[in-house]
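The residues making up each chain are set out below.
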Amino acid sequence: MSAQCSLCRIALEDVSVVRGGQTPLQDVSMHIHCGQLTVLIGQNGAGKTTLIRSLLGEIPHGGAIRHVDDEGREVPRLRTGYVPQHLLFDKEMPVTVEDFLAAAFSRRPVWTGVSHKTREKVQSALAAVDGAELARRPLGRCSGGEIQRVLLALAIHPTPDLLVLDEPVSGVDQNGLKMFLDTVMRLKEQHHMAILLVSHDLNLVRQYADHVALLDKSVLIQGTPDAVYASPEFQMIFGVGARNLHSTRIHGAGRWTPRVSSEPTEEEVNE
Amino acid sequence: MQTIYAIIEFLLPFEAFEWTFMKNALLAILLLTPLLALLGTMAVNQQMAFFSDALGHSALTGIGLGIVLGLSSDLLAMLVFGVVWAILICRIKQTGAASTDTVISVFSSTSVAAGLLILSRGGGFAKYSSLLVGDVLAVTPQDLLWLLIALVCGVILWAAMYNQLLLSSINPALSRTRGIRVKLVECAFVVLVAVAVMLSIKWVGVMLINALLILPAAAARNVARSSRQHAVISVVLALLCGFAGLVSSYAWDTTVGAAIVLWAAACYFISLGLRRFIR
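Chains A and B, in that order, give the protein sequences. Mapping of the first sequence onto numbering that gives the first Met the number 0: position 53 corresponds to residue 52, and the numbering continues sequentially without gaps. Mapping of the second sequence onto numbering that gives the first Met the number 0: position 161 corresponds to residue 160, and the numbering continues sequentially without gaps.
I should point out that these hints are in silico values taken from the structure, not numbers from a laboratory. Treat each hint with caution, since some may be false.
[What the hints assert, rightly or not] Straight-line distance between alpha carbons at most 20 Å, and here's what the computed SDA-like set of lysine to any residue pairs gives:
#1 Lys-90(A) / Ile-277(B)
#2 Lys-92(B) / Lys-120(A)
#3 Lys-120(A) / Arg-275(B)
#4 Lys-90(A) / Leu-144(B)
#5 Lys-90(A) / Ile-7(B)
[Said to hold, decoys possible] Quick list of the computed label-pair ranges, beta carbon to beta carbon:
#6 Gly-61(A) / Ser-72(B): 32 to 38 Å
#7 Asp-69(A) / Lys-182(B): 32 to 38 Å
#8 Ser-108(B) / Lys-90(A): 30 to 36 Å
#9 Lys-182(B) / Glu-70(A): 22 to 28 Å
#10 Ser-104(B) / Gly-71(A): 54 to 60 Å
#11 Gly-44(A) / Gln-46(B): 45 to 51 Å
#12 Gln-93(B) / Asp-69(A): 39 to 45 Å
#13 Gly-238(A) / Phe-276(B): 52 to 58 Å
#14 Pro-75(A) / Gln-93(B): 43 to 49 Å
#15 Gln-93(B) / Glu-119(A): 34 to 40 Å
#16 Gly-112(A) / Ser-98(B): 35 to 41 Å
#17 Val-154(B) / Arg-185(A): 39 to 45 Å
[Stated by the list, open to error] Just a sample of chain A residues kept apart from chain B, beta carbon distances all over 12 Å, derived:
#18 Arg-78
#19 Arg-140
#20 His-156
#21 Asp-172
#22 Lys-177
#23 Pro-231
Note that the Cβ used here is the ideal one computed from N, Cα and C, for glycine as well.
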């Protein structure tokens, strides 16, 4: 492990999931450290979404997920912040970004209006993700990248122990994605939180990740991005050509992604 | 009651409101439309128009069962059956066993058929036909008190569940990570809609109740940008249409419910035209 490895971590120990006679996850063991960006990569159906749902407590799992603090003590509570893959909602819904965040931050029903105090809270939450101008905009009028930032603002209030970002790359252009990840990196430094990102963008993973785990039902290999990308396991999953992605990528050619966009995502298959 | 009547006569010095039944009807409309209009905003956002329609139809079965079981109160029978029916549909919807609109259609047809079967036994359905169109002119001061209580309780419950419901409707998984019990909130909403619908059905009728829930909220949605605008415009439209419907039905000598619904429908089509300029 690297020098920045601290005791504070979310430890997955032999996490398995059995559903409908299948085993989408088997004996997954890995540490998600505080102050690090851990990236989960793997092909469709490798169990990435299943792992996230286990972490969020959405589906029952075997094994253990433990939260350990800086002193090495086990903390019973794990507060997770979650940025879902996409927001499938009715775009015509008359709900502004401020309504959406205020509904989460305050008990006062937003149809009665938003109090001064809540409004300030919403503003500061949006400012933290460079989205201050979004408050009055209807949610359905936001672009994919803007929605990701709104969701991020929501996920980090209150500050979570573990921030889970489920592939915030889909429907977001390269600029929006970089901006999003830069914000995530800044939050990582500021709050020293553990961040788990599911990504298909192998280039960006290499640039941003502190720790990479390659998943195919269980963790095939994990370590620094360079170590994982050079491994035979990585080449077995993504092909030999993938290891040189970063150096050979032509500027402006878009990102290389092993996923065929017309295929249903794992999440859609599961639901 | 006399004071309220005096106020109405003072504010509305028209021939129509010299009648006590018109004053009672006006009060009933002012009490029952706002709650339906508020609940409607979420019903429209969650695409539950068909669901609430099915719920209204289940009132027939409720009354039928009440008669079979020998219950003295129609309302109690409707309420109990409506709530049970609502929870059933909600649970089946949540298990995702079949397509939602198919499930709702099955429930709707079943309840209508069962209701008709029971109520038409011995060829006597005609005496229940008032249920289909309702009669707000028959409302009594006693009924008004109940409607007032229902309005106050309904708005309080609605205020308590709204934020959680809004988040759940946008993303259930996200809401769960924030400690919201999504399924419970959804069911609570459905039960609240069921109760509001059952309490209003005697006055508005099975066939038109859904329009009062959906139309003002649907019209408001076309022009609103925020949750607050949606709620406020929906309630204002419902009150205005209720008033206009009552007055025009008096002038045209028609049933009140249908007049209210037609006004609301007119508002919907106007809002559809305005939508491009406003939103």
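So, going through the hints one by one against the coordinates:
1. Lys-90(A) / Ile-277(B): 16 Å, holds
2. Lys-92(B) / Lys-120(A): 36 Å, violated
3. Lys-120(A) / Arg-275(B): 32 Å, violated
4. Lys-90(A) / Leu-144(B): Not OK: Lys-90(A) and Leu-144(B) at ~40 Å, beyond 20 Å, violated.
5. Lys-90(A) / Ile-7(B): Since the Cα atoms of Lys-90(A) and Ile-7(B) sit roughly 42 Å apart, the hinted pair is violated (cutoff 20 Å).
6. Gly-61(A) / Ser-72(B): 32 to 38 Å: 53 Å, violated
7. Asp-69(A) / Lys-182(B): 32 to 38 Å: 37 Å, holds
8. Ser-108(B) / Lys-90(A): 30 to 36 Å: Given a distance of about 32 Å, which is inside 30 to 36 Å, the answer is holds.
9. Lys-182(B) / Glu-70(A): 22 to 28 Å: Taking Cβ atoms as reference, Lys-182(B) and Glu-70(A) lie about 38 Å apart, which means the hint is violated.
10. Ser-104(B) / Gly-71(A): 54 to 60 Å: For Gly-71(A) against Ser-104(B), whose Cβ atoms are near 58 Å apart, the range 54 to 60 Å holds.
11. Gly-44(A) / Gln-46(B): 45 to 51 Å: 30 Å, violated
12. Gln-93(B) / Asp-69(A): 39 to 45 Å: 41 Å, holds
13. Gly-238(A) / Phe-276(B): 52 to 58 Å: Because 54 Å falls inside the window, the suggested range holds.
14. Pro-75(A) / Gln-93(B): 43 to 49 Å: Violated: the Cβ-Cβ distance is about 29 Å, outside 43 to 49 Å.
15. Gln-93(B) / Glu-119(A): 34 to 40 Å: 37 Å, holds
16. Gly-112(A) / Ser-98(B): 35 to 41 Å: Holds, at about 38 Å.
17. Val-154(B) / Arg-185(A): 39 to 45 Å: Given range 39 to 45 Å: holds, Cβ gap about 43 Å.
18. Arg-78: 9 Å, violated
19. Arg-140: Violated: least Cβ distance 9 Å, not greater than 12 Å.
20. His-156: 10 Å, violated
21. Asp-172: Consistent with the label, Asp-172(A) stays out of reach of chain B, its closest Cβ about 22 Å off (over 12 Å).
22. Lys-177: About 24 Å separates Lys-177(A) from the closest Cβ of chain B, which puts it past 12 Å; holds.
23. Pro-231: Its Cβ never comes within 12 Å of chain B, the nearest being 35 Å, so this holds.
Of the hints listed earlier, those the structure fails to meet are numbers 2, 3, 4, 5, 6, 9, 11, 14, 18, 19, 20, in rising order.
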